[in-house]
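4 protein chains.
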Amino acid sequence: MVGVALIGCGHWGPNVVRNLDALPGVEARVLCDLDPRRLEALRPRYPAARTTTEYRDALGDPRIDAVAICTPVTSHFEIAEAALLAGKHVLVEKPLTDSGRDAERLVLLAERTGRVLHVDHTLVYHPAVQRIRSIIDSGELGELLYVDCVRINLGLFQSDVSVLWDLAPHDLSVVCFLLDRSPRWVSAVGAAHLGRVESQVYLTLKYDDSLLAHLHVNWLAPLKIRSTLIGGSKRMVVYDDLAPSERIRVYDKGVVLEGEGEVGDRNRVDYRIGDVVAPHLDESEPLARVCEGFARAIETGEPALNDGRAGLEVVRILEAAQASLDRAGERIRLRPA
Amino acid sequence: MVGVALIGCGHWGPNVVRNLDALPGVEARVLCDLDPRRLEALRPRYPAARTTTEYRDALGDPRIDAVAICTPVTSHFEIAEAALLAGKHVLVEKPLTDSGRDAERLVLLAERTGRVLHVDHTLVYHPAVQRIRSIIDSGELGELLYVDCVRINLGLFQSDVSVLWDLAPHDLSVVCFLLDRSPRWVSAVGAAHLGRVESQVYLTLKYDDSLLAHLHVNWLAPLKIRSTLIGGSKRMVVYDDLAPSERIRVYDKGVVLEGEGEVGDRNRVDYRIGDVVAPHLDESEPLARVCEGFARAIETGEPALNDGRAGLEVVRILEAAQASLDRAGERIRLRPA
Amino acid sequence: MVGVALIGCGHWGPNVVRNLDALPGVEARVLCDLDPRRLEALRPRYPAARTTTEYRDALGDPRIDAVAICTPVTSHFEIAEAALLAGKHVLVEKPLTDSGRDAERLVLLAERTGRVLHVDHTLVYHPAVQRIRSIIDSGELGELLYVDCVRINLGLFQSDVSVLWDLAPHDLSVVCFLLDRSPRWVSAVGAAHLGRVESQVYLTLKYDDSLLAHLHVNWLAPLKIRSTLIGGSKRMVVYDDLAPSERIRVYDKGVVLEGEGEVGDRNRVDYRIGDVVAPHLDESEPLARVCEGFARAIETGEPALNDGRAGLEVVRILEAAQASLDRAGERIRLRPA
Amino acid sequence: MVGVALIGCGHWGPNVVRNLDALPGVEARVLCDLDPRRLEALRPRYPAARTTTEYRDALGDPRIDAVAICTPVTSHFEIAEAALLAGKHVLVEKPLTDSGRDAERLVLLAERTGRVLHVDHTLVYHPAVQRIRSIIDSGELGELLYVDCVRINLGLFQSDVSVLWDLAPHDLSVVCFLLDRSPRWVSAVGAAHLGRVESQVYLTLKYDDSLLAHLHVNWLAPLKIRSTLIGGSKRMVVYDDLAPSERIRVYDKGVVLEGEGEVGDRNRVDYRIGDVVAPHLDESEPLARVCEGFARAIETGEPALNDGRAGLEVVRILEAAQASLDRAGERIRLRPA
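Protein chains in written order, with the working numbering: chain A, 1 to 337; chain B, 1 to 337; chain C, 1 to 337; chain D, 1 to 337.
Since the hints were made in silico from the structure, they are not lab data. Computed from a prediction, not measured in an experiment: that's the story for all the values here. From the three backbone atoms N, C-alpha and C, an ideal C-beta is built for every residue, glycine too. Please note that a few of the clues may not be correct.
Taking lysine to aspartate or glutamate and the DMTMM-like style, the derived pairs with C-alpha atoms no more than 25 Å apart in a straight line are [to be verified]:
| hint | chain 1 | residue 1 | chain 2 | residue 2 |
| --- | --- | --- | --- | --- |
| 1 | C | Lys234 | B | Glu246 |
| 2 | D | Lys224 | C | Glu143 |
| 3 | B | Lys224 | D | Glu285 |
Not close to chain C: a few residues of chain B, all C-beta gaps over 10 Å, as computed [said to hold, decoys possible]:
| hint | residue |
| --- | --- |
| 4 | Pro44 |
| 5 | Gly60 |
| 6 | Asp102 |
| 7 | Leu108 |
| 8 | Ala192 |
Computed spacing ranges between beta-carbons, pair by pair [said to hold, decoys possible]:
| hint | chain 1 | residue 1 | chain 2 | residue 2 | range |
| --- | --- | --- | --- | --- | --- |
| 9 | A | Pro44 | C | Lys224 | 29 to 37 Å |
| 10 | A | Gly274 | D | Arg181 | 28 to 36 Å |
| 11 | C | Arg184 | D | Arg335 | 26 to 34 Å |
| 12 | D | Thr74 | B | Met1 | 45 to 53 Å |
| 13 | D | Arg181 | A | Asp275 | 28 to 36 Å |
| 14 | D | Ala243 | B | Gly142 | 33 to 41 Å |
| 15 | D | Thr74 | C | Glu111 | 52 to 60 Å |
| 16 | C | Asp275 | A | Arg37 | 56 to 64 Å |
| 17 | A | Asp275 | D | Gly142 | 15 to 23 Å |
Sequences and hints are given; from them, build the entire structure.
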């Protein structure tokens, strides 16, 4: 039986512990939060768990094998490092840390201590994202041309960081998972329409060849949009996460250039327009699968999608984007991972 | 009676001459195109007009007072300059020219010769855009925060230039008209997925304060999208040009920060969510109003929305964007107009 | 303190008891279901409640003042009658009963015993429906012309009755609440595409003047639609319950007939097309307000929207519709209530 | 060369003559309308055609082989009969006539005189409708369960008749073409919200087995909707004629009943939910294909989709629906065709 402690019982933590506790062989044993009212609210569901306001207390508990860290991002590194040093397996809410250097230290520490370090990039386990990945792997999209992500709405849901560090990790984890390679450089522009942190950011990732990824994240939009376009030379995918059904549509559409010459020569351009297919997606809860992956990695040691290196990659891109933001959009080269 | 010559009878020219000829006091008298088949196709509608394959022929005709230039963009400067020198009033299809220097020379030449120089920024006369401008002028949006434009589809409709010079002029003319000020700097990233010219471009315009405008133009998208979001501190506007009705919606939505402190303090954030209003728009054809504005300017000398300076401003931004594209997204400062 | 028993702990019952128990001055004291597993699943949330598989056991409990009946519709009458005879207040899941005669007996019995009899027409308390009612009351729609309801999807959610008795009560309760009058006659056609009961029904209600209401309910539709159109002579309302936002839109649209003569004379027809307004709706949970209304009626004796007579009216229409279905669409006159 | 006369140059007639005249071997030779201004407006496009205000003049012209009748429906019979008697082939705008008896007389007269009698049921040639028919023919929908048509908007486009005779012919021609059988009975309810003729009608067609077709036609709706749902036991089709793309979607969805027993037994119900496919449709203009079919029938004598019998079937249903409307929804049996 894997004993689990939840550290941070705010917005997301209760979902994580519910999914962990529901797994066979996993049991919630400690609930930890600075705010005793949150502990009180959560306790009735986990009668066997004890509560504490001191996370070091949880780390010192020999009945605890693993901790889920769902605290504000600025505290991730400190708690995760202490947990790994205490010999615990660690699952951290996204993003892994607020600096690439810290993320790297955690990854190395986990490798050294032989503990599992995972990050909760929930969307990676979304049935739509999994399906898009398998469509890409099948080659049916042809050469990948671009990924365009829009994640905008009215609302500052996570508020100790800017919209970049709050919303972009979702799309970056998806982009990294789908493209399976590192960008060459990153640039970002944004604006702090309220207070000092950015509430709107446009982020560009440039890969080798002509592949491009672009994100628009915005807390001050009148509409809620969660869309991802994936352009391929043969087919294209639209993923609308708010569609009531048919969240993914695969378009058999493309442009074919005939013969020699420049695009400007209209005679050379031919369009291919075929059917649109919306594959049926299963309804599994992505967070449940994140937790399964974490539990399986603890049990078997086999690496999972959301391992520390995946978390590190997202943090490296965020950090580069922040540097670009701070220099008004300057291009920031990423050193090879 | 104002005698008009149409130079360039391809895709857009026939629409322009139809709208000009329909105006009281305006008559189409010369049709000019390199391709005699186009002339033949158009002639029956304008029995009084003569046709020619040589634009200088049209410019030399004393019965011609004004010319509409609907040729490929690379030829705009040469023809417009010759027309102004020949004492003709000039209406040019967007963009005005393919270089800022040339655009400036045309503007100065028109001022010197006292001829009207207009550019066909059709969207500026769209009832939706006119309405948004009057909403902005009324102050009901509060402080302007951003304009976000998406103009994507599958198709290379105008093909002698990149997607930047083909599609972005539409949105840039709208952004310039709505914001009524010049950006401080411009940056652009893009990719040439087909041939040598860019088929996808992301373009950022940075203004004083935190105002931001951003465009996504793309010839290789599976969906056709024509949307503009305008964020204000009090209200926001969504303009969806493809909506079958309710093309503009005004959202009485916003975020209010209470008291002191940083955005991160959730207690400080309050949302205001009120009604959504879709104002009724009249159905007038924008191009007809462009042509009216041109004819009125000829008659009265009064300046119109789409004058040469408006055309120059769009070209200056395009040119800066192109420079940024060529240097992988480098920020390009615009000197004051 | 009002002690409550829940009878029937299947799909909907747990929601009802959760909302009742959350009210100040109301406490869940007995949970009753034929299936002990359901009792076991629900018990942990209501540690103070005892469980039983015998509803007469609940009715005999002197600590119980009110019962919520969430059993299959065929059992509603028997249980509700016994509860009223035992001196309990009664809240019944929709529809009130499966026969008009039984519904009438319950209404009379409640009046005789001075107990509260309510039916859970949840939608009547939906913020959208409440708002539409106040729009109608304000007179801004002009004369009411029609109500058109579509409630279709793939799925047999409630399966002991036909789609008429399963889905139509939702819309009928809304139609009765909005129109606040009784239809003169009812007709219905349908088809039993699966098994013996109807899985698709079209239902027409004819009122005095030219007012018409029409429902389409269908368990075998590829799309999920929940829409209500309300046509008025001055304005019209569209209520789309599945819209992510702007569930109600009020259209300032209409046809005006000028002068004398028949509609056929085109010169007489004029259209009025103005703005569209989507009023902001509050987010209150309708079922919570149903339960509040029930508790307040118990406390104060004041009548509420969902009283027994409202339940009876819906059952009378359903019964007439069933009679019409059984006679291939014959018009069934409703005697005055 | 087939010489054609257009009788009725109002809204639709100019489209018909344009498509006829564009066919090889067909020439517009006479234009006829009571209103000389319409003739004047149309004449420039057909310089070789003469104009007249007297239709008998057109029928007496030996250079005329065929007439297209686009006059108000009440005049269809008189003109079509005279045309057939004069030995002309006849294409009539929908509906064929305003009475079944007259429609039948035309069909018989055409057979007797050996002339072609066609009705312009344009939608039957729509690529979407043709595709749905081939999907049905392939058997992939399984057993047909229902067809549900909604055709509503604000506007009295055709105004000499009620909404039944104006809008329903479109859907009835599609329903007849798709189902390829006659309904057993028809019923209709409606309301005359303006003037004396119905402006809103619900129409039900009952076929053998449990097959049902239903139409909602309405001139007083705030939204424009053109949708057709086709339910099959294996798959279902949604045809949204106003969708900017993907007008047809085929849903691999259904309900499977396992084992014995009634629908009410939830354990028996199983859902099958697979992919959704939107087949690509070609862009051909339906009216051009209607005209082609007419010209081919003249040339070869081979029967076409929109022959007189197809027109008669639609009129018979309309007439039965009108009888039902006049008797408040009474079921009207159709005698076998």
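Evaluation of the provided hints:
Between the alpha carbons of Lys234(C) and Glu246(B) the distance comes to roughly 19 Å, so the proposed pair stays at or under 25 Å and holds. Of the supplied pair hints, the one linking Lys224(D) and Glu143(C) holds, its CA atoms being roughly 21 Å apart against a limit of 25 Å. Restraint check for Lys224(B) and Glu285(D): the C-alpha separation of about 22 Å stays at or below 25 Å, so the hint holds. With a closest Cβ-Cβ approach of about 32 Å to chain C, Pro44(B) is found to remain outside the 10 Å limit, as its non-interface label requires.
No Cβ of chain C approaches the Cβ of Gly60(B) within 10 Å, the least distance being about 50 Å, so the stated non-interface status holds. Asp102(B), annotated as away from the interface, keeps every beta carbon of chain C farther than 10 Å; the closest lies near 44 Å. Distance check for Leu108(B) against chain C: the nearest CB is about 45 Å away, which clears 10 Å, and the non-interface claim stands. With a least beta-carbon separation of about 37 Å from chain C, Ala192(B) lies farther than 10 Å from that chain, consistent with its non-interface assignment.
Pro44(A) and Lys224(C) have their C-beta atoms about 35 Å apart, which keeps the hinted 29 to 37 Å range intact. The hinted range of 28 to 36 Å is satisfied by Gly274(A) and Arg181(D), whose Cβ atoms lie roughly 33 Å apart. As the Cβ distance of Arg184(C) to Arg335(D) is approximately 31 Å, the hint placing it in 26 to 34 Å holds. The beta-carbon spacing between Thr74(D) and Met1(B), approximately 47 Å, falls within the hinted interval of 45 to 53 Å.
A hinted range of 28 to 36 Å for the beta carbons of Arg181(D) and Asp275(A) is consistent with their spacing of about 30 Å. Taking the beta carbon of each, Ala243(D) and Gly142(B) are about 36 Å apart, inside 33 to 41 Å as hinted. Take Thr74(D) and Glu111(C): their Cβ atoms lie about 58 Å apart, and the range 52 to 60 Å holds. Checked against the hint of 56 to 64 Å, the C-beta distance between Asp275(C) and Arg37(A) comes to roughly 46 Å, which is inconsistent with it.
Checking the proposed 15 to 23 Å range against Asp275(A) and Gly142(D) shows it holds: the Cβ atoms sit about 21 Å from each other.
Of the numbered hints listed earlier, the single one contradicted by the structure is hint 16.
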